[in-house]
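Input sequences plus hints: build the corresponding full structure.
Protein chains in written order, with the working numbering: chain A, -1 to 110; chain B, 19 to 131.
Think of the hints as simulated: they come from the structure by calculation, not from any bench. All values derive from a computational prediction rather than experimental measurement. Hints may be right or wrong, so weigh each one.
[Claimed, not checked] Here are a few chain B residues that sit away from chain A, every Cβ distance over 10 Å (derived from the structure): (1) 30; (2) 39; (3) 49; (4) 79.
[Unchecked claim] Below, in silico cross-link-like pairs of lysine-lysine (DSS-like), each with a Cα-Cα straight-line distance of 30 Å or less: (5) 15/A to 75/B; (6) 75/B to 31/B; (7) 75/B to 105/A; (8) 66/A to 1/A; (9) 105/A to 1/A; (10) 54/A to 66/A; (11) 66/A to 105/A; (12) 39/A to 31/B; (13) 39/A to 15/A; (14) 102/A to 1/A; (15) 105/A to 54/A; (16) 1/A to 54/A; (17) 75/B to 102/A; (18) 102/A to 31/B; (19) 39/A to 105/A; (20) 66/A to 75/B; (21) 75/B to 1/A; (22) 15/A to 102/A; (23) 54/A to 15/A; (24) 54/A to 102/A; (25) 39/A to 1/A.
Here a beta-carbon is modelled for each residue, glycine too, at the ideal position from N, C-alpha and C.
Residues per chain, in single letters:
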Amino acid sequence: ELKVEQNPLFLSMQEGKNYTIYCNYSTTSDRLYWYRQDPGKSLESLFVLLSNGAVKQEGRLMASLDTKARLSTLHITAAVHDLSATYFCAVDSGAGSYQLTFGKGTKLSVIP
Amino acid sequence: KAGVTQTPRYLIKTRGQQVTLSCSPISGHRSVSWYQQTPGQGLQFLFEYFSETQRNKGNFPGRFSGRQFSNSRSEMNVSTLELGDSALYLCASTTPGGFTEAFFGQGTRLTVV
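Written out as structure tokens, the structure reads:
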């Protein structure tokens, strides 16, 4: 059974600081996704990482994937209040199953 | 380009009733997946449909069922509702030609009283 673990689950940080969210998963997969969810809202796709060593950046967020270590990171640079949300990583079970297994999410609060 | 549309947005039902939720995927997307989100269990996969066929099913009781129509629209049904079925139900459609990205609808918030 595929397991996806995120840490930390809660993160409170000051504006302007940097931090990293970690996502570990238990079985071989080379497809990992990061989503953002605002309270009461749906999931917004942030990054799609499809191969080992993939790195993608959008604004103050950068995601990377190491399939050998079964680890993805979401790095936040110079956080701003608008980044406050819950961030989920999800791993595709593979074999064309179109089935995502999600981590429990990291609730990020950026304090002015 | 229209996104994934879920209806209704909110529902309140009584224990023992049944409910049907609807999802219209992005035009051209043929795969539709359903997920349940609760504070305790997080996001859990329910099932996935492609070309009117269920290809995968998560670990949910038989009270949860679904179907997909020829126009790729999908419905999920929950019978004999329990309090624990209260959740946000999210539908996702995936890009054609392979699973490179899933786009989620706004969800249906189901409350069972």
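Q) So which of those numbered hints doesn't the model satisfy? A) Hint check: 3 and 5 fail, others pass.
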